[in-house]
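Participant: Sequence:
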Amino acid sequence: MEPFKKVTGVVAPIDRVNVDTDSIVPARYLKRIERKGWGEVLFDDWRHLPDGKPDPDFELNQPGYENASILVVGRNFGSGSSREHAVWAIHQHGFRAVIAPSLADIFHKNCFENGVVPVFLPEERIRELMRKAKEGPGCVLTVDLERCEVWDEEGFRSAFVVHDDPGTHEFRRHTLLNGLDEIALTLQQEEKISDFESKRRGWLTRVGGGE
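If you count by the working numbering, then the sequence shown holds residues 3 to 213, one letter each, in order.
Warning: the hint list may mix true and false statements.
[To be verified] Listed below are the simulated SDA-like cross-link pairs for lysine to any residue, each with C-alpha atoms no more than 20 Å apart in a straight line:
(1) 111 <-> 81
(2) 7 <-> 171
(3) 136 <-> 67
(4) 8 <-> 94
(5) 136 <-> 69
(6) 134 <-> 67
(7) 7 <-> 94
[What the hints assert, rightly or not] Derived DEER-like restraints, expressed as beta-carbon distance ranges:
(8) 154 <-> 17: 16 to 22 Å
(9) 10 <-> 130: 16 to 22 Å
(10) 137 <-> 183: 33 to 39 Å
(11) 34 <-> 126: 35 to 41 Å
(12) 8 <-> 126: 21 to 27 Å
(13) 146 <-> 49: 26 to 32 Å
(14) 146 <-> 183: 18 to 24 Å
(15) 24 <-> 179: 29 to 35 Å
(16) 24 <-> 172: 29 to 35 Å
(17) 59 <-> 4: 29 to 35 Å
(18) 53 <-> 32: 22 to 28 Å
(19) 133 <-> 69: 18 to 24 Å
(20) 156 <-> 46: 32 to 38 Å
No lab work stands behind these hints, which were simulated from the structure alone. Where is the CB? At the ideal position from N, CA and C, for every residue including glycine.
With the sequences and hints as input, model every part of the structure.
Facilitator: Here's what the structure looks like:
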């Protein structure tokens, strides 16, 4: 997983609450077995009209948002099923951070495992950012994980957390800064695990070694 320190980019707004994972990635795509190409189906039912043409009224279809790297959303984003594909799609579309007042629990965890930084801000700061982002694609924001701050060049600045629990915030911040998913964290303890296994199953070593 790629380490995250800081990103500066255009902010795209999804001004809706309780957006579920079926809206992020429709269930019909879950038959796919590849882990690539999910960015192409992000918000697919919202991005297209019934005839398959792009919906010009959908936020991400409007000019200037095509290269956005920061997503600002309403509360309880990512609710519904536990599909990890939702975070894959967000990341592969180019978003490195999701700014929200709250995220669904499993979606929140999946963000940490896939290098998407969850940025929790108070509701009033979200409304301020949402307003600025909806005025047009000129809203450029910096998300700095080392300082745990977001800011723009027009005076907006706010501290943030990636988790409401202080201890979990520090742990998850560490894993994101260093690009550590659960597998990488386990491999950091490989020597201790091997030592434990050799002591617990020492008789297997003796038998296998023919001693």
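Participant: Now look at each hint and say whether the structure bears it out.
Facilitator: Checked hints:
Between the alpha carbons of residue 111 and residue 81 the distance comes to roughly 12 Å, so the proposed pair stays at or under 20 Å and holds. Our distance criterion of 20 Å between C-alpha atoms is met by residue 7 and residue 171, whose separation comes to about 15 Å. Between the alpha carbons of residue 136 and residue 67 the distance comes to roughly 10 Å, so the proposed pair stays at or under 20 Å and holds. Of the pairs offered as hints, the one joining residue 8 and residue 94 holds, with about 18 Å between alpha carbons and a cut-off of 20 Å not exceeded.
Proposed proximity of residue 136 and residue 69 is supported: the alpha carbons are some 15 Å apart, at most 20 Å. At most 20 Å may separate the alpha-carbon atoms for a hinted pair to count; residue 134 and residue 67 meet this at roughly 13 Å. A distance of roughly 18 Å separates the Cα atoms of residue 7 and residue 94; the hinted pair therefore holds under the 20 Å criterion. Residue 154 and residue 17 have their C-beta atoms about 18 Å apart, which keeps the hinted 16 to 22 Å range intact.
Checked against the given bound of 16 to 22 Å, the beta carbons of residue 10 and residue 130, roughly 18 Å apart, stay inside it. For residue 137 and residue 183, the Cβ-Cβ distance of about 36 Å falls inside the hinted range of 33 to 39 Å, so the restraint holds. For the pair residue 34 and residue 126, the supplied restraint of 35 to 41 Å holds, since their beta-carbon distance comes to about 40 Å. The hint said 21 to 27 Å for the Cβ distance between residue 8 and residue 126, and at roughly 24 Å that hint holds.
For the pair residue 146 and residue 49, the supplied restraint of 26 to 32 Å holds, since their beta-carbon distance comes to about 30 Å. Between residue 146 and residue 183 the CB atoms are about 22 Å apart, so this pair conforms to the stated range of 18 to 24 Å. For residue 24 paired with residue 179, a C-beta distance near 32 Å keeps the hint of 29 to 35 Å intact. Checking the proposed 29 to 35 Å range against residue 24 and residue 172 shows it holds: the Cβ atoms sit about 33 Å from each other.
Remark: the range hint 29 to 35 Å for residue 59 to residue 4 is upheld by a beta-carbon distance near 33 Å. A hinted range of 22 to 28 Å for the beta carbons of residue 53 and residue 32 is consistent with their spacing of about 24 Å. Between residue 133 and residue 69 the CB atoms are about 21 Å apart, so this pair conforms to the stated range of 18 to 24 Å. For residue 156 paired with residue 46, a C-beta distance near 33 Å keeps the hint of 32 to 38 Å intact.
Every hint, counting from the list given before, is met by this structure.
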